[in-house]
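**Student:** Sequence lines, in order, name chains A and B.
For the first sequence, our numbering gives the first residue as 1, with consecutive numbering after it.
For the second sequence, our numbering gives the first residue as 1, with consecutive numbering after it.
Hints are not guaranteed to be accurate.
Just so you know, same-sequence chains aren't split out, so a pair can sit in one copy or run between any two.
Listed next, the in silico DSSO-like pairs over lysine-lysine satisfying Cα-Cα at most 27 Å (straight line) [claimed, not checked]:
1) 298 / 158
2) 105 / 350
3) 85 / 105
4) 16 / 42
5) 81 / 105
Bear in mind the hints are in silico, worked out from the structure with no lab data behind them.
Protein chains: 2
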Amino acid sequence: MIYLDNAATSYPKPEKVYDEMLRCMKEYCANPGRGGHDLSIKSGRAVMEAREAIAEFFNIKDPMRLVFTKNATEALNIAIKGVLKKGDHVITTSMEHNSVIRPLKTLERDMGIELTIVSGNEFGEVDVEEFRNNIKSNTRMIVCTLSSNVNGIIMPIKDIGELTREKGIIFLVDASQGVGALEVDVEYMKIDLMAFPGHKALLGPQGTGGLYVANGIEIDSILQGGTGSSSENMFQPEILPDALESGTLNTPGIVGLSQGIGFINSFGLLNIKNFKNLLINQIYDGLSNINGVIIYSKKEPSKNSGIIAFNFKEIDSTEVSYVLDKGYGIASRAGLHCAPLAHQTMGTIKGGIVRLSVGCFNTQDEINMLLNALQEISDSMKYVTNIN
Amino acid sequence: MIYLDNAATSYPKPEKVYDEMLRCMKEYCANPGRGGHDLSIKSGRAVMEAREAIAEFFNIKDPMRLVFTKNATEALNIAIKGVLKKGDHVITTSMEHNSVIRPLKTLERDMGIELTIVSGNEFGEVDVEEFRNNIKSNTRMIVCTLSSNVNGIIMPIKDIGELTREKGIIFLVDASQGVGALEVDVEYMKIDLMAFPGHKALLGPQGTGGLYVANGIEIDSILQGGTGSSSENMFQPEILPDALESGTLNTPGIVGLSQGIGFINSFGLLNIKNFKNLLINQIYDGLSNINGVIIYSKKEPSKNSGIIAFNFKEIDSTEVSYVLDKGYGIASRAGLHCAPLAHQTMGTIKGGIVRLSVGCFNTQDEINMLLNALQEISDSMKYVTNIN
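The following block holds chain A by itself, in its conformation from the complex (with noise of 0.2 Å):
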């Protein structure tokens, strides 16, 4: 199997994951925080060490203003629903994954927010002068993704987080795609909120995710319950992390996705990102040189995560995707990747696109055998043609 669908999870995960997860729970997984006796407390301190270990990754200063969530979605309606008010206008981008889009559609059709939708070039690229032009008095967030989870561009963010900056509007960050592929640092970027997922290219287990909340950022929770904290109250305690953190955490998950991000740091982010970039630069190259291809990413590595989106002209992506994992055992992800009107500025709405997501456990030879299966494709595609 070669699996190059890391964009949806990354798969495997560095040893040391599964090896720390085993360990917490087998040798003192307690709840963390719900008590004062000794497995209870060794819990509360693995949870608090992730944090510390995870704010420092993306420069985050205070830990206790990074809240742990089941997965980028939760943070990402946290984020939407804590913050946003009736009457209030917010800008996003048409490359924006349903968990932006339907929050947002959501509150547009029960709340009476006000919703801009923007889109940028075919490749989906927004320049912030287009957020810019479309900023209004009551313009209360901004809200865009890191980088598109359905062709890999990468957005602005930093001359975004300028003009958020300098208007006083909120900047709220869908880091799904990107994190633990591209550097992030919320005080460079001025981020204000940032949602992402444990079990991407930060190389953690499923079920685990966060949110920063930057100082000064006032957000509701909409998740009520046992914090361990303050038990006496019957409304939910206001200080981070507890108020976001309503029952018991994922203690296990959390401790993996602390070590994923050990091994990031060990491989060093930097190594990472050129590797995977090479990696790209070859899907890129050997599919440009395939006959009836059309590419829907950018090569250059300051525009791309780590996705190559491309079809043949001829074939429905969901048959490429099926003849690659049943003919070659390739896994890619065809469809529309839960981004309708990313496909829609890409001109591929009606049969989406073949995804091709690269982990930092690929190899070059893994994608060599995947440039040789699709030109394979092509070649029987041409007789198929000849044929008819």
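The hints should help you fit chain B onto chain A, whose structure is shown.
**Tutor:** For chain B alone, coordinates are given in the frame of chain A:
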């Protein structure tokens, strides 16, 4: 370490829970329902098999009406906020956890629902007639815990289910304390909505839980996002489980939970229940013979899901718990246990209680050691009293 904090989270888990989570993560953990390739299909199948196994365990006829959540708190928030509308009246009990009380108090404050909180006798036991007497024309929902997380008292769920069915009121059960320890049959008990954690007596890992939604119950999502279905739709799909399962699921966690339930099935729920009752009896009888002890739990198996709440008359609960941990290596939990109203009912709001909660891996020898420790604490207390 003698672990008697199983009501917070069960520890350890059965070996198969660890083994299968590890196998899932190492061998096939792609993104379930998010691709057509072999690994994604394997992950999707593992989630589906877990869904079916858990549904069967609770006698849920349609597994698709069982929704996976990150914990019971998320499930309770969905059930409460996804159903209740302005003007609805809700009846609940004083024995509820903050995961029920806080969302309800928040809706009372912010959305204008009406709330009645009934409290029963000094054990928090509520008779079904108390619910009946508080029903009004706008009563939309009754929320009741299966058993108290503070003292283990079991509520008359079947009777309440019959009342709510008769009156056309929605019945939400917080099964956090009790699932895996008591028989739960959603059909027999006429339960409409049931929230449960995976990591307590169901013996699964942290980061898992679920919500059962009976046929005919209309429920809105509180999180919207990618579901891997209806990708072209900018609103949340309405079919279950997708409507309430946004974002990537915790596949290894769900696989682990399935193994936890498999362990209970192979051992026999009734056998586990009887064994826990044996331990509870042993603690109860032993404690009854120790000077200065007040017990807040009932002894009868039909009234206790596996918890003994107690205090030494003169000592703060946190102090007893601390001495048990540091002096004897026994993990208990002191304080309010995120259920302040329960302590008002029991008369323990000032100092809380010491909670001992048994699991299926505790032994009678461990309970003997616990009782010896408590006897020594009592003796030293007497000594301190004498010299003063």
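**Student:** If a hint holds in the structure, say so; if it doesn't, say that too.
**Tutor:** Results for each hint:
1. 298 / 158: Within one copy only: 20 Å inside a chain, 61 Å across chains, cut-off 27 Å.
2. 105 / 350: Within one copy only: 22 Å inside a chain, 47 Å across chains, cut-off 27 Å.
3. 85 / 105: This pair counts as both: shortest intra-copy Cα distance 14 Å, inter-copy 21 Å.
4. 16 / 42: Cα proximity of residue 16 and residue 42: in one copy and across copies (19 Å, 24 Å).
5. 81 / 105: both (12 Å within a copy, 19 Å between copies)
Comparing the model with each earlier hint shows no violations; every hint is respected.
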